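*Asks:* Which chain is which? The protein sequence lines are D and R, in order. Using this note's numbering, the letters of the first sequence correspond one by one to residues 160 to 296. Using this note's numbering, the letters of the second sequence correspond one by one to residues 160 to 296.
No wet-lab data here; the hints were simulated from the structure. In this text, all values refer to a predicted model and were calculated from it rather than measured experimentally. One should not assume that every hint holds.
Heads up, the list lumps identical chains together, so a pair's fine if it works in one copy or across two of them.
In the PhoX-like style, the derived pairs of lysine-lysine whose C-alpha atoms are separated by at most 25 Å in a straight line are [to be verified]:
hint: 1; residue 1: 206; residue 2: 195
hint: 2; residue 1: 206; residue 2: 264
hint: 3; residue 1: 293; residue 2: 282
hint: 4; residue 1: 264; residue 2: 190
Protein chains: 2
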Amino acid sequence: MKDTNCRYCTKGEDIAGIVADLEVSTLYLTKDQSYKGRCILALNDHKTELFQLDPEELQAFSRDMARASKALFEVFRPGKINYAAFGDTYPHVHFHLVPKYEGGKSWGSPFELPLSPDNLASKEELDARIKEIKSRL
Amino acid sequence: MKDTNCRYCTKGEDIAGIVADLEVSTLYLTKDQSYKGRCILALNDHKTELFQLDPEELQAFSRDMARASKALFEVFRPGKINYAAFGDTYPHVHFHLVPKYEGGKSWGSPFELPLSPDNLASKEELDARIKEIKSRL
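From just these sequences and the hints, can you work out the full model?
*Replies:* So, in structure tokens, the structure goes:
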């Protein structure tokens, strides 16, 4: 069920575009691309903790997460992908999927939040990345 | 397969004790308890990215994560649980499960890494927490 007060139900302004609708979640590319390929995977249903998902939804969400991270890995070839769900004040299950690059920004420490407006890629670049990730899903 | 160079295969020094062996992972309480109930859930097998798990292992790992976070929620009643896998330099699949408390440390922003030696609970407290979490699994 959608919650009109929730930024992940209503699509927040830090979202560059939808990469794909997966089994039970939606994969978004974020406008901030200071970590090349950074995405958010948001559960379609408005739930706040992983243990609130019913068993089938949980299984499907884990498949969506593996599928999305594999696509990011194949496109961007990062050293490691970081996966994180915080959401204290936006409690809608969503994971940041953040490719990290050896020797690059925050390598060896947690990626930075909040999303920075200083690292916006151009619309053309964002669209190209969306297309590329989509092709590997 | 265990890797003797990996802190999650060999049990790192930031671990207070094992809470439980779950289906395909091990739940640890961390010594740092600046976020009351903070744990690490580490996959038993030495793999580095979620998409490297075979389908059954991935399903079981998601069940372990839901089960562990539900237990933490029931014991500590946090406002939100944060789930995060970084591991750039310790690339063994493990999630930090970090209960966050409204108005408490880092509420509304990512929890802090690295684990702080300033917030160690006593051995008695750590053991009591391990026991309590275990009883809810």
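*Asks:* Does each hint hold? Answer for all of them.
*Replies:* Taking the hints in turn, this is what the structure says about them:
{"no.": "1", "hint": "206 - 195", "verdict": "between (28 Å within a copy, 23 Å between copies)"}
{"no.": "2", "hint": "206 - 264", "verdict": "between (32 Å within a copy, 23 Å between copies)"}
{"no.": "3", "hint": "293 - 282", "verdict": "within (16 Å within a copy, 50 Å between copies)"}
{"no.": "4", "hint": "264 - 190", "verdict": "within (17 Å within a copy, 28 Å between copies)"}
Checked against the numbered hints given earlier, this structure breaks none of them.
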